[in-house]
Every structure is written in structure tokens, then in C-alpha cells.
Amino acid sequence: MNYDELVTLTTDVGCLLLANGAEIYRVEESMLRIFRAYGVYTGEVFAIPTCINVTVVTPQGKPITLIRRLPTRSTDLDKVEKGNDLCRRICRDKPDFKTIRRELEEIKHRPVYSLGFQILAFAMVSFSFTLFYGGDFSDAICSMFCGAAIKIVCYNMNKFDTNAFIVNIIASFAAGLIAMTAAYINMSLNPDKIIIGALMNLVPGIAITSFMRDMIDGDLMAGIIRFMESLLVATAIAIGAGFALTATRAVLGV
Amino acid sequence: MKEFLPCVWAFLACVPFGAVMNLHGKNLYLCSLGGAIGWFFYILSSPINNDILQYFIATVVISIYAEIMARILKIPVTGLLLVALLPMVPGGGIYYTMEYCVIGNDAMFIETGLHTLGIAGALAMGILFVSSFVRLLGKIYNDKSKF
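Chains A and B are the protein sequences, given in the same order. Heads up: the first sequence begins at 1 in the numbering used here, then just goes up one per residue. Heads up: the second sequence begins at 255 in the numbering used here, then just goes up one per residue.
Bear in mind the hints are in silico, worked out from the structure with no lab data behind them. Source: prediction; values computed, not measured. Don't be surprised by glycine CBs; every beta carbon is placed ideally from N, CA and C. Watch out, some of these pointers could steer you wrong.
[As the list claims (entries may be wrong)] If you want the footprint, here are the derived chain B segments under chain A, 3+ residues with CB under 8 Å:
#1 297–310
#2 349–362
#3 380–388
Input sequences plus hints: build the corresponding full structure.
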């Protein structure tokens, strides 16, 4: 059997899961199961949210190691689900490597929603959360524009590989600026409800949820990384909105 | 009835949020329903008069819902939790903490900040509580369907 190919392929499956927001536990367990399905019981996998390390020892006693860094991560639950299915199928049917490679490519190219739809979705999230936090309908309508602005800023900033901290600061600054300007023009609006509704798009819910689950699974390193991530996101949101509030208060006197 | 209206908004907020994460069809709506159920229990437990405890109860309910639904729909628990827990995340707390910081009200800044941390802690504890319990049950009944 071609062990080099096995390691590369398994790491690709692991990367697919990790890069789309699966838990560390799932990534490591899936990879080990694939190794076992092909009769390799000497596989060791160590994954943290930014990196996967794999080593297997061939029957001749030669170790094969692969390290894969993951510069960007996103959340695509559809791909996680399909990747998971693929793992189960691999373990059950043990298909040849070409078939796995082809299916992997298929999952990677599964459709995502268009930018226009995502902007609309962000606007709807803002709209609903403004009402959820006690704003009225005119606040919610205004919040839609803030939500859309957040997505547009994030999309354009990510094109330049900017780090997430700055992206969050600028996105939340943009949302704050729009809300405060709207409140300046129409005094009856509640800028706080508008901004909170819009910022729910950026809030680190994902990090809080997965950090606790990683911790329980014993992946302390991954848990700490995700915890720091959630702190950074929360700080960035606060800094961005804080700038917007201070600036508009100084200039417009809202 | 009016006090339960936020449950509807929670549901309506979770649907587009789940859609951005590429959930589809039945899964999307059932995940979002978790958010509404959580907030329903938050309001239901309001006689306790301690919102950190209320957040904890709501999170426990959502986590139990997520564990059950994950087994029925055969999708990862994390996906369900990500969407359903969104209304619980203290976005308002983060904002008001920042606002008190900006206007220079230090006492309220510390108080709101700690309260927000407390809510985040309650969420984390709720998830921890349920997942650990489910793991334990799984070990006892040797449940192989952890995936």
C-alpha cells in the first residue's frame, strides 16, 4: 500500500473538517479511524485550530510525518456534514484513493450562497436581533443597513488577507457610524439597539461554543486558542463601536 | 403573550445566521427552533430573578435539544449549538460595557463587564454540564454513535 498517499489523503480529509469548523475531537478521531480502516494502527494525530500534525509508522518501521497549517478558517456546516459522511463511508467501504480524492474535490466545490444572499442574510440577522433586544421597527430597518455594511466590509477586507482583529474593528466601526448618523438625522431612533442588533453578526458565539466543547474533550490547547479568539473578537467589536461612538459624539454631538 | 414575542425574533434571527453557515432545508429550521426554545425557557424561568441562572437554564435546555436533534437528524452537535445558542450570546453586554468605558463611567464599566463575563460563563457551564452528562451516558450504554 502507498503510505505516503494514505497520509496525504487523510490529512486532506482532516483539513477539510477543521477548516470548516469541526471540533478538534472529530478531526482527530476521523483521521485515526481512516488509518485503522486501512490497517494502520500506528497513526498519531495532533490537531489544534491552526495546524494538523500526523505521523504513521509503516510496517517496515519507517515513520512518515506531515504537518499542515491552516491559515484561514470559516464555518461551513454543510461541508462538515458531508466530510463526516465521507469518513464514515471510507471506514465502511475502504474505497481506493482515487475515489476518495474525487469525492473530496466534490465536497470542496459544493456551492456556497452568493455574496448578495449573504449580505441579505446579515441584514436579516440585524433586523431580527434589533427587535429581539427591544428596538422598534424603524430601528430594525436602520439596523439592516448596518448589517449589510458589516458583510460588505468583511468581504472586501478578507480579499486582502487582513487579520481578523482589524476586520472586526473596521466592520463594527462602520456599523456604529451608520447607526449614529441615522440617529443624528432622526432623533427618535435608539442607536444602542441598532448597533447591538448589527453587532450580533460578529459576536464570538462560535468561539464560546466550541472552546467549551474542545476543553471537555481534553483538547486544552485548542480550547485556549478558541478562548483567546473569542476574547479578541469581543475586544475588537468593542473598540470599533467605541471609536464610532466617540467620533460621532465629538463631530455631530449626537 | 407579548412577552414571548422575542422567541419569534430569536427564531427569525437564527434562520439567516444558519443559512450563512450553509445549513439547508429541514436542518436549518430545526436548528433555529432551538434558539426560540432556549429563549422561551429563559422567559419561563424569569421568576428566579437572576439572569445568569436564567441563561444557564436556557443553555442547558438548548444543549439537550441539540444532543437529541443531532442524533435524529444525524448531523454534528456543534452545528446545532452554534446556531441555537446565538440569541444567548451577550451582544448587548459587550456593547453596554464598551459604552460605559467610552463615557468614562468606571463603576458601571466594571459591573457590566463582569456581568457579561458571568453570562458567557453560564453559557460555557451549560454546554459543559450537558455534554459531559451525555458522554457519561454514552460510556455507560456503550453508545458508538458519537459521530
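Quick rundown of the hints versus the structure:
no.: 1; hint: 297–310; result: violated (count 0)
no.: 2; hint: 349–362; result: holds (count 7)
no.: 3; hint: 380–388; result: holds (count 4)
Violation of the numbered hints given earlier is confined to hint 1; every other hint is satisfied by the structure.
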